[in-house]
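Residue numbers (our numbering), protein chains in the order written: chain A, 23 to 331; chain B, 854 to 1075.
What the hints contain is simulated information worked out from the structure, not anything from laboratory work. Ideal Cβ placement from N, Cα and C applies to all residues, glycine included. Any given hint could be a false lead.
Straight-line alpha carbon distances no greater than 30 Å define the calculated DSBU-like cross-link-like pairs of lysine-lysine that follow [as the list claims (entries may be wrong)]: (1) B/Lys-1038 <-> A/Lys-229; (2) B/Lys-982 <-> A/Lys-223; (3) B/Lys-982 <-> A/Lys-147; (4) B/Lys-1041 <-> A/Lys-223; (5) A/Lys-239 <-> B/Lys-1052; (6) B/Lys-1052 <-> A/Lys-230; (7) A/Lys-239 <-> A/Lys-52; (8) A/Lys-162 <-> B/Lys-982; (9) B/Lys-1055 <-> A/Lys-177; (10) B/Lys-873 <-> A/Lys-223; (11) A/Lys-223 <-> B/Lys-1038; (12) B/Lys-1055 <-> A/Lys-169; (13) B/Lys-1052 <-> A/Lys-147; (14) B/Lys-1055 <-> A/Lys-260; (15) A/Lys-230 <-> B/Lys-1040; (16) B/Lys-1021 <-> A/Lys-230; (17) B/Lys-1041 <-> A/Lys-225; (18) B/Lys-1050 <-> A/Lys-260; (19) B/Lys-982 <-> A/Lys-229; (20) A/Lys-270 <-> A/Lys-282; (21) B/Lys-1021 <-> A/Lys-250; (22) A/Lys-229 <-> B/Lys-1040; (23) B/Lys-1055 <-> A/Lys-239; (24) A/Lys-229 <-> B/Lys-1055; (25) A/Lys-147 <-> B/Lys-1055; (26) A/Lys-223 <-> B/Lys-1050; (27) B/Lys-1040 <-> A/Lys-239; (28) A/Lys-169 <-> A/Lys-225; (29) B/Lys-1041 <-> A/Lys-230; (30) B/Lys-1021 <-> A/Lys-256; (31) B/Lys-1040 <-> A/Lys-238; (32) B/Lys-982 <-> A/Lys-225; (33) B/Lys-977 <-> A/Lys-177; (34) A/Lys-177 <-> B/Lys-1041; (35) A/Lys-147 <-> B/Lys-1041; (36) A/Lys-162 <-> B/Lys-1050; (37) A/Lys-238 <-> B/Lys-1052.
Computed from the model, here is a short list of chain B residues facing chain A with C-beta under 7 Å [said to hold, decoys possible]: (38) Lys-906; (39) Asn-1011; (40) Ser-1017.
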Amino acid sequence: MNKEMKSESNLEKLLSRGEFVVTAELGPPKGANINTIINKVKILKGFCDAVNITDNQTSIVRMSSIASAIKIIQLGMEPIIQMVTRDRNRIALQSDLIGAAALGVKNVLCLTGDHQSFGNHPSSKNVFDVDSIQLVKMFKDMRDEHKFQCGEEMKHPPEIFIGAAANPFADPFDFRPIRLAKKVNAGVDFIQTQLVYNIEKFKEYMKKVREMGLHKKVYILAGVGPIKSVGMAKYMQKNVAGMDVPDKIVERLKKSKDAKEEGINICVDIIQEIKEIEGVSGVHIMAIAWEEAVPIIVEKTGLLPRPKP
Amino acid sequence: MIVAERKPFDEIKEIIKDKKNITIIGCGTCVTINQTGGEKEVAILASELRIAKKLDGDSVNVKQLTIQRQCEREFVEEISQKIEQADVVLSMACGVGVQTMAGIYPDKLIFPTLNTISMAFPDKPGFFKEMCIGCGNCVLCEYGGICPITRCSKSMLNGPCGGSRDGKCEVDPDIECAWQLIVDKLKKQGRLDILTKIKPAKDWSSSHHGGPRTLIIEEAEI
Chain A
23 MNKEMKSESN LEKLLSRGEF VVTAELGPPK GANINTIINK VKILKGFCDA
73 VNITDNQTSI VRMSSIASAI KIIQLGMEPI IQMVTRDRNR IALQSDLIGA
123 AALGVKNVLC LTGDHQSFGN HPSSKNVFDV DSIQLVKMFK DMRDEHKFQC
173 GEEMKHPPEI FIGAAANPFA DPFDFRPIRL AKKVNAGVDF IQTQLVYNIE
223 KFKEYMKKVR EMGLHKKVYI LAGVGPIKSV GMAKYMQKNV AGMDVPDKIV
273 ERLKKSKDAK EEGINICVDI IQEIKEIEGV SGVHIMAIAW EEAVPIIVEK
323 TGLLPRPKP
Chain B
854 MIVAERKPFD EIKEIIKDKK NITIIGCGTC VTINQTGGEK EVAILASELR
904 IAKKLDGDSV NVKQLTIQRQ CEREFVEEIS QKIEQADVVL SMACGVGVQT
954 MAGIYPDKLI FPTLNTISMA FPDKPGFFKE MCIGCGNCVL CEYGGICPIT
1004 RCSKSMLNGP CGGSRDGKCE VDPDIECAWQ LIVDKLKKQG RLDILTKIKP
1054 AKDWSSSHHG GPRTLIIEEA EI
């Protein structure tokens, strides 16, 4: 194993040699239906370097991220498992990571997680034993210090590439780069941001990030995604915390003949602008329940073919 | 203080269904201030029960009584004669009071009439905001006097999460984002640098997660 590599994942290899990476997102099914995974992989394979599998996103019960990841590996794609701290304590989180790593998972995204009140089981207890930053640190210490969170030594540490999320648009706005610095100090290897629609605000954020030298310590992937309709744009504007959708985007969709097509074009335009921002190492395409849009976006942005790791 | 809210009347009526002799006991401390279980509220519930039973063509004998605190042996032991004839005792105290009564009078049916909510502060009259969940290891000095464990919906020690918007929590627009408050406060105090350090994972064993706690104050032991 290359001593400098932490996991030798494709994602890590491509980022370390300076490639502009593309990751995508896959939502697992609400049932024990493996065909959903198989079909989504068919759509995405060859169009991204690695794919995130969400972890009971929005607190709605779905097939587990790790189970989905194992299938995805079998199908020849590289997964990024997502782990939220809402549902599992440090015992389960460490246990799941070891299991995932033993079965070939090499990338993990550490998140605090949406509150359970958003989902279909609002009467459940939540856990939140640790937060996302403590989770990053816990996994880093397992990997590099060979220690469990309790301090006990571990013989076979997981070889994983550790990611976290960043939201340049949530409040308090000024504090966000400081919080990113905390994640960097905790040991994070890569960051995927919340969806970027307000390019100016994102540039402002990245300027601060560069001033703090953080872009040299962590790979930052900007979150992008196509909006299907004016209704969806308005919903995201008003109802999704931490999302900044400027009115001009809503206007573009309103004026278009085909909102879906325009949504893709807007996404492509945003990616083209993002490519020019210093300190951004790639994009993370979130096409919620519309994985078919990913190949179109990647192709239109001139990001094909994907480089071999 | 501990705050509670009155259970819906129908639930209470169901609890005392076939009973004839009911004694309602109020508590003169927290729930009196909270206006849910004091002398006044005892009188209101007593009237409600009498009226409801009358409308059903039924009879009921309701006695009323309020003691200083239902969580103290001294006050609870004094009323033994007063509840002797009761088929059921309805306690208008918080969960601590109900259980104290139930423990001292094991042969009596002691039922609650309140849903105990939290340890709270009246931000304005009638608005009781949860402030402390009793984690057993207070770290308020590190957060500008605002508890992230209680007042952040995710109990984050390295917040905020990505759902903070306009100073509100993603869970409910009526919930203030504790982390907005913490950042603002520490900024004002010129102590924002505290938040640049990573707070390690909490030891929850001092909280209820470690099991129901018995606190021993040696100086108070006899």
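A quick look at each hint next to the structure:
1. Only pairs whose Cα atoms come within 30 Å are accepted, and B/Lys-1038 paired with A/Lys-229 is accepted, the gap being roughly 26 Å.
2. For the given pair, B/Lys-982 sits about 35 Å from A/Lys-223 by alpha-carbon distance, which is inconsistent with the 30 Å threshold.
3. Of the pairs offered as hints, the one joining B/Lys-982 and A/Lys-147 holds, with about 20 Å between alpha carbons and a cut-off of 30 Å not exceeded.
4. Between the alpha carbons of B/Lys-1041 and A/Lys-223 the distance comes to roughly 25 Å, so the proposed pair stays at or under 30 Å and holds.
5. With a C-alpha separation of about 21 Å, the suggested pairing of A/Lys-239 with B/Lys-1052 holds against the 30 Å cut-off.
6. Restraint check: the Cα-Cα separation between B/Lys-1052 and A/Lys-230 comes to about 23 Å, which is no more than 30 Å; the hinted pair holds.
7. At roughly 37 Å between alpha-carbon atoms, A/Lys-239 and A/Lys-52 are farther apart than 30 Å, so this suggested pair is violated.
8. Using a Cα cut-off of 30 Å, the hinted pair A/Lys-162 and B/Lys-982 is violated, with the two alpha carbons roughly 38 Å apart.
9. Annotation: proposed proximity of B/Lys-1055 to A/Lys-177 holds, straight-line Cα distance about 25 Å (limit 30 Å).
10. Pair hint B/Lys-873 plus A/Lys-223 does not hold up; C-alpha atoms about 69 Å apart against a cutoff of 30 Å.
11. Only pairs whose Cα atoms come within 30 Å are accepted, and A/Lys-223 paired with B/Lys-1038 is accepted, the gap being roughly 25 Å.
12. Restraint check for B/Lys-1055 and A/Lys-169: satisfied, since their Cα atoms lie roughly 17 Å apart, inside the 30 Å limit.
13. Simply put, B/Lys-1052 and A/Lys-147 have alpha-carbon atoms about 24 Å apart, close enough for the 30 Å limit, and the pair holds.
14. Of the pairs offered as hints, the one joining B/Lys-1055 and A/Lys-260 is violated, with about 35 Å between alpha carbons and a cut-off of 30 Å exceeded.
15. With a C-alpha separation of about 18 Å, the suggested pairing of A/Lys-230 with B/Lys-1040 holds against the 30 Å cut-off.
16. For the hint linking B/Lys-1021 to A/Lys-230, the alpha-carbon distance of about 24 Å falls within 30 Å, and the restraint holds.
17. As the CA atoms of B/Lys-1041 and A/Lys-225 are separated by approximately 27 Å, the hinted pair is consistent with the 30 Å bound.
18. For the hint pairing B/Lys-1050 with A/Lys-260, the CA-to-CA distance comes to about 33 Å; that exceeds 30 Å, so the pair is violated.
19. Of the pairs offered as hints, the one joining B/Lys-982 and A/Lys-229 is violated, with about 39 Å between alpha carbons and a cut-off of 30 Å exceeded.
20. Using a Cα cut-off of 30 Å, the hinted pair A/Lys-270 and A/Lys-282 holds, with the two alpha carbons roughly 16 Å apart.
21. Between the alpha carbons of B/Lys-1021 and A/Lys-250 the distance comes to roughly 28 Å, so the proposed pair stays at or under 30 Å and holds.
22. Restraint check for A/Lys-229 and B/Lys-1040: the C-alpha separation of about 22 Å stays at or below 30 Å, so the hint holds.
23. Straight-line distance between C-alpha atoms of B/Lys-1055 and A/Lys-239 comes to about 27 Å, which keeps the hinted pair within the 30 Å bound.
24. Distance hint between A/Lys-229 and B/Lys-1055 is unfulfilled; the C-alpha atoms sit about 34 Å from each other, more than 30 Å.
25. At roughly 18 Å between alpha-carbon atoms, A/Lys-147 and B/Lys-1055 fall within 30 Å of each other, so this suggested pair holds.
26. A hinted pair counts as satisfied when its Cα atoms are at most 30 Å apart, and A/Lys-223 with B/Lys-1050 qualifies at roughly 26 Å.
27. The hinted pair formed by B/Lys-1040 and A/Lys-239 meets the criterion: a straight-line CA distance of about 26 Å does not exceed 30 Å.
28. The suggested pairing of A/Lys-169 with A/Lys-225 is violated, with an alpha-carbon distance near 38 Å, which exceeds 30 Å.
29. The hinted pair formed by B/Lys-1041 and A/Lys-230 meets the criterion: a straight-line CA distance of about 21 Å does not exceed 30 Å.
30. A threshold of 30 Å between alpha carbons decides the hint, and for B/Lys-1021 with A/Lys-256 the separation of about 20 Å falls inside it, so the pair holds.
31. Restraint check for B/Lys-1040 and A/Lys-238: satisfied, since their Cα atoms lie roughly 27 Å apart, inside the 30 Å limit.
32. For the given pair, B/Lys-982 sits about 39 Å from A/Lys-225 by alpha-carbon distance, which is inconsistent with the 30 Å threshold.
33. Distance hint between B/Lys-977 and A/Lys-177 is unfulfilled; the C-alpha atoms sit about 56 Å from each other, more than 30 Å.
34. Of the supplied pair hints, the one linking A/Lys-177 and B/Lys-1041 is violated, its CA atoms being roughly 47 Å apart against a limit of 30 Å.
35. A threshold of 30 Å between alpha carbons decides the hint, and for A/Lys-147 with B/Lys-1041 the separation of about 35 Å lies outside it, so the pair is violated.
36. Under the criterion of a C-alpha separation no larger than 30 Å, the hint pairing A/Lys-162 with B/Lys-1050 is consistent with the structure, at around 17 Å.
37. At most 30 Å may separate the alpha-carbon atoms for a hinted pair to count; A/Lys-238 and B/Lys-1052 meet this at roughly 24 Å.
38. Restraint check, B/Lys-906 versus chain A: the minimum CB separation of about 34 Å is more than 7 Å; hint violated.
39. For B/Asn-1011, the interface hint holds, the least distance from its beta-carbon to any beta-carbon of chain A being 4 Å, beneath 7 Å.
40. Look at B/Ser-1017: its Cβ gets to within about 5 Å of chain A, closer than 7 Å, so that hint holds up.
Violation of the numbered hints given earlier is confined to hints 2, 7, 8, 10, 14, 18, 19, 24, 28, 32, 33, 34, 35 and 38; the remaining hints are satisfied by the structure.
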